[in-house]
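A.B. asks: Residue numbers (the working numbering), protein chains in the order written: chain A, 1 to 346; chain B, 347 to 692; chain C, 693 to 1038; chain D, 1039 to 1384.
FYI, nobody ran anything at the bench for these hints, they're computed from the structure.
One or more hints might be untrue.
Calculated from the model, a selection of chain D residues having no Cβ within reach of chain A, i.e. all distances over 12 Å [to be verified]: (1) M1039; (2) G1077; (3) F1084; (4) P1085; (5) D1108; (6) T1219; (7) K1303; (8) I1371.
In silico DMTMM-like cross-links for lysine to aspartate or glutamate, where the CA-CA straight-line distance does not exceed 25 Å [said to hold, decoys possible]: (9) C:K732 x B:D686; (10) C:K695 x B:D686; (11) B:K382 x C:E736; (12) D:K1266 x D:E1082; (13) B:K599 x A:D277; (14) D:K1078 x A:D277; (15) D:K1041 x D:E1096; (16) A:K40 x D:D1299; (17) D:K1374 x A:D340.
One side of the interface only, derived from the structure: several residues of chain C facing chain A at Cβ under 8 Å [said to hold, decoys possible]: (18) N807; (19) S874; (20) V882; (21) V889.
Note that beta-carbon positions come from the ideal geometry of N, C-alpha and C, so glycine has one too.
One letter stands for each residue in the lines below.
4 protein chains.
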Amino acid sequence: MLKVAICGGSGYTGIELLRILSHHPEVVVTAVTSEKSAGKSVSELFPHLYQYSNLLYEPLKAEAILEKADLFFMALPHGESQEKVDYFFRQGKKVIDLSADYRLRDAKIYEEWYNVPHKFQKTLKKAVFGLPELYRKEIAKASLIANPGCYPTSAILGLYPAIKNNLVDLSSIIINSVSGTSGAGRKSDVAFSFCEVNEGFKAYAIGTHRHTPEIEQEVSVLAGKNIKVNFTPHLAPFDRGILTTMYVRLTKKISTNQIVDVYKKAYAYEPFTKVLDEGRFPNVKHVRGTNVCVIGLTINMRTNTLIIVSAIDNLVKGASGQAVHNMNIMLGIDEKTALDTIALFP
Amino acid sequence: MLKVAICGGSGYTGIELLRILSHHPEVVVTAVTSEKSAGKSVSELFPHLYQYSNLLYEPLKAEAILEKADLFFMALPHGESQEKVDYFFRQGKKVIDLSADYRLRDAKIYEEWYNVPHKFQKTLKKAVFGLPELYRKEIAKASLIANPGCYPTSAILGLYPAIKNNLVDLSSIIINSVSGTSGAGRKSDVAFSFCEVNEGFKAYAIGTHRHTPEIEQEVSVLAGKNIKVNFTPHLAPFDRGILTTMYVRLTKKISTNQIVDVYKKAYAYEPFTKVLDEGRFPNVKHVRGTNVCVIGLTINMRTNTLIIVSAIDNLVKGASGQAVHNMNIMLGIDEKTALDTIALFP
Amino acid sequence: MLKVAICGGSGYTGIELLRILSHHPEVVVTAVTSEKSAGKSVSELFPHLYQYSNLLYEPLKAEAILEKADLFFMALPHGESQEKVDYFFRQGKKVIDLSADYRLRDAKIYEEWYNVPHKFQKTLKKAVFGLPELYRKEIAKASLIANPGCYPTSAILGLYPAIKNNLVDLSSIIINSVSGTSGAGRKSDVAFSFCEVNEGFKAYAIGTHRHTPEIEQEVSVLAGKNIKVNFTPHLAPFDRGILTTMYVRLTKKISTNQIVDVYKKAYAYEPFTKVLDEGRFPNVKHVRGTNVCVIGLTINMRTNTLIIVSAIDNLVKGASGQAVHNMNIMLGIDEKTALDTIALFP
Amino acid sequence: MLKVAICGGSGYTGIELLRILSHHPEVVVTAVTSEKSAGKSVSELFPHLYQYSNLLYEPLKAEAILEKADLFFMALPHGESQEKVDYFFRQGKKVIDLSADYRLRDAKIYEEWYNVPHKFQKTLKKAVFGLPELYRKEIAKASLIANPGCYPTSAILGLYPAIKNNLVDLSSIIINSVSGTSGAGRKSDVAFSFCEVNEGFKAYAIGTHRHTPEIEQEVSVLAGKNIKVNFTPHLAPFDRGILTTMYVRLTKKISTNQIVDVYKKAYAYEPFTKVLDEGRFPNVKHVRGTNVCVIGLTINMRTNTLIIVSAIDNLVKGASGQAVHNMNIMLGIDEKTALDTIALFP
């Protein structure tokens, strides 16, 4: 049994790791940290996790926790993760970082968007961007995974086959995303209180959201040149899910049926990425609680525009599920272990 | 007191007319029709409309209802409205048609998108597109108003000042809309049942929605040439509201502050269209129950793209409120009569 | 024009007062207080209240605000209201207190349930419990109104005719209430964040909620003796509304039809309390945004139990609307002024 | 591998069976019926069930389906189930009936509440009420299980220990239940459309709901005499879950702590019934997607009333999960097989 620790275990991604790992036959959670809730059991804070009544939150003291685990899931806020990740990594542990701290390969871009310097650039160079559909081989050999952001996961998977096959005017990429409210994390903030979010819908951080450079980094790698994108996130009154609607101008004449084929081929061997037949489109409700990304496609012939719609569960494929997927790849076990679930519908 | 009839009074736009007109000091509702509910009182069907306990639904017999009213609100399904509108109009009545039947000036385009021929093209020529911000003068003199669709209202108001001021690459218009579920109407359909919609989010009718030609018609008028747009509607789990996020490439260098000024000038004398200061964006929750359209703007300097976000209540500014606004203009009375309300928040 | 001030104007009851008073032809809001938001305009905090762009929040300095208004709505937290109410009252102002501080006539019971002493018992004696259906005459002559709590309003109106007519076993009263989340106020608290409340439902404060003694006080007055009740509140995932389901054993044989008559008679002249015909029951959705309390009744003949269901909007009839109703009575004007609205449905 | 068929497989309980059984290591679903959707695959109707792309709906022809399975889950509407259940049972198959047709032991009471005669009273006598906490031994030996209703499951489990221990005034039982909308099934009905249910809350079928005699039957067995109860269901705007709040007068002096002990003892060996410590109460959000019933307890000393709150997921413990639990018991395998899941939270 692999011993794993969860640093930052009282947020939504932390408890989602606990939920998923409870099904995992080859892993045991040996430690979970929280500064605020240190001393309390997981089930005291989260009654639905009654299976974890003997697991107590502890403060994150890196030296003390080091020997408790072989692999560390880091679910800390951006900026706070940097140093701990570096420490565990240098001590020879495997680390999967769910924060943004090791996702941007260029430390300058990180600093520009996150307003903090990156102090561990040597370690940063060792990090692998943990999107299995793009980096499976590198993940298998890595010790440090930068688990992708939720929006970038939905956007990059939606754009990848079209860009890889040179079908897209790279100057025209528009990414319009809608997220459920769990994406904001578990926090006391009137802006995310029930009465402010419910029956509402709004755009936010237009053109300035921190996931923008992450999307641009990966799209640029695929395109082989620097790409800038338009990315607009929206906040919606549901718990889980991201639906991303993307618009790209096509550089070739191609039918919807053909583009569906291109996508189906690209993801033919992927366990968690599904491409829908022509005429069908995804709904976040159909992926809730699962690690699946579903993609629907259509071409507007009148404007020669490809419209791509992708749906994920932001807490699973967009965070904790993808982290476990990465772990499974690192361990060389069946990738679907603990992740082969069906959406809770309705 | 002006006598008005509501044809098709048991759907959401019909009862919204009843709600709004109950505050109107110069109007009395003398007839309301419904085939299914004929003989029942309004308050029997809709207990919250207890003020209308003496108003009975009647079947829509054009001859019988003709003398009961001076002005007819037509809230019938598309296709069913055509003939009745023509009849009341030719009998010299004022007609405000909330269906799509008289919105498209070109009967061929109507036929192409709605799959029924337009049999009353002579009357069609008399119809004025009832968007007061664009056609106030024509509305004042008209006897037949084609009340705009909900999505087109949000899109056209969002695009109008930018196009009018020649700021936009007309080939690049992308309109991404999100609607609350009342937009689907009041009907028995498992697809709109609570458990299917709640906690879900999806795109639908991508590139094929019938509001597309309506948007294109008005945008083309503004641009002075034929424009095709990308329009994608989405269904969201809230009752009321449309948020439309639009992306257009700019043809000039201009700052966000300057574009905000352009929009503020364009709508300076409009009672129901509000332009937000730089850095603020609308939320459908802030317009619920009101006839207001709120617009927020930003320019993504990295891609030279203008992003416009507009919010309306689909049942008010997107339907019944705009219809009453049109009526007020036709009557020459204060445009805000019965419409000067504050959003119900939360 | 009567000048009114709202002390504590940035919570949900405060902004609901602003919404309602904006329709009021005989009142002008001259001051609104908030410690946190002092210096900001109302519309900066609440964009939907754009009509109030010139009204600035100010800190609550009693002496400074005294001359600005003739009537003070106090929407402060319990305990904080006591002293300010006493001050304005003693300075000869009219005061309507939406807190609990002057609702319990017995200062000992107040202290027992609220854990603070009541320091202004002389003023307490002058307060009138502002439930117009019970105390209209006293309200008309009063200068200090203790505006009832939301749960008590729904419970007392539901029980009043049955108790008054001696139909009820007074030892058997069970009050099961369900409230929308706005009842918790506008605050930063993870327990009321969207993701914790949405798709959830729970009971809380069973037998210990502070509205219990308020209900008992009024029920005891009606019964002419000391009554203890079972009161259980629940938190539900909607914004507004309280539905209270009450169970009382009958002391006489009586039919549902007869009890409906008893209730209809009791509320025959009430502008805001509606009794439904046999077989119909209220829905909070039908009273949203209105000052109406709707009551449905049935008798379970198999157990000789009367079940009473009442619905109100907790922010209107349960708070700010009732406060304005009380003000109208105090001013001797039409009671329905500014309150004669139709529910926003859907 | 046990072969099972699901008769009535396109409703919410049918697809919930498919979801749960997909995890079951000893079962294979060999047939699933639907009249309307015959010929379509499960995944065509329900995209989230993509694992079932080769399983086609077929019309329910009893003779044709007989040999396909060893055990039949019957998820047909009440009344329609009777005959098919009888047929499969007499052919020697194991049958678990999720309809109400075999729950009431007295055919006259069935007829009285369901308005259809029971034509298979001989088979009815063989049916075991499938509440494992009460009838585990009988279930183990049975061939025909009447799977309990959702409301009765929550009510009976909440009342059982108190009644069994003679703590309750049996004439005073009040059962106030609140259900999510999936309890109404998957159907085209405007009353359950999103805009009618969302932001609403109401009581329905007060004193007349068909689950009343089912609760009374089991409570009477426990009490050893005929009991009548007050049962009021409510409809709430969430997908899944039932919260039942029960009020019973105590016949003895007992503390909350003691009653918690009584309940903990009663359910000490139950895998799916959890009793909370004093001061804690359940939330339907904590049991979503699980087969767990959580119970919280308190005594109101002022009225000597025990208040019991139970929470279940109506589609799992209230239907399909309990059906699988019953199957596991019938098969003599680990009762938790396929049911040992953690709630999806948030």
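A.B. asks: Now tell me if each hint is right for this structure.
C.D. replies: Okay, the hints, checked on the actual structure:
1. M1039: holds, 18 Å
2. G1077: Given a closest Cβ separation of 17 Å, the condition holds.
3. F1084: violated, 7 Å
4. P1085: Answer for D:P1085: violated, closest chain A Cβ roughly 5 Å.
5. D1108: Answer for D:D1108: holds, closest chain A Cβ roughly 23 Å.
6. T1219: Given that some Cβ of chain A is not farther than 12 Å from that of D:T1219, nearest at about 8 Å, it is violated.
7. K1303: The claim holds: D:K1303 sits with its nearest Cβ about 18 Å from chain A, beyond 12 Å.
8. I1371: holds, 18 Å
9. C:K732 x B:D686: holds, 24 Å
10. C:K695 x B:D686: Holds - the C-alpha atoms of B:D686 and C:K695 are around 22 Å apart, at most 25 Å.
11. B:K382 x C:E736: Violated, at about 47 Å.
12. D:K1266 x D:E1082: violated, 46 Å
13. B:K599 x A:D277: With Cα atoms ~42 Å apart, B:K599 and A:D277 exceed 25 Å; violated.
14. D:K1078 x A:D277: holds, 16 Å
15. D:K1041 x D:E1096: holds, 16 Å
16. A:K40 x D:D1299: holds, 23 Å
17. D:K1374 x A:D340: holds, 18 Å
18. N807: violated, 23 Å
19. S874: holds, 5 Å
20. V882: Check passed: Cβ of C:V882 comes within 5 Å of chain A, closer than 8 Å.
21. V889: holds, 4 Å
Taken one by one, the earlier hints fail for this structure at numbers 3, 4, 6, 11, 12, 13 and 18, listed in ascending order.
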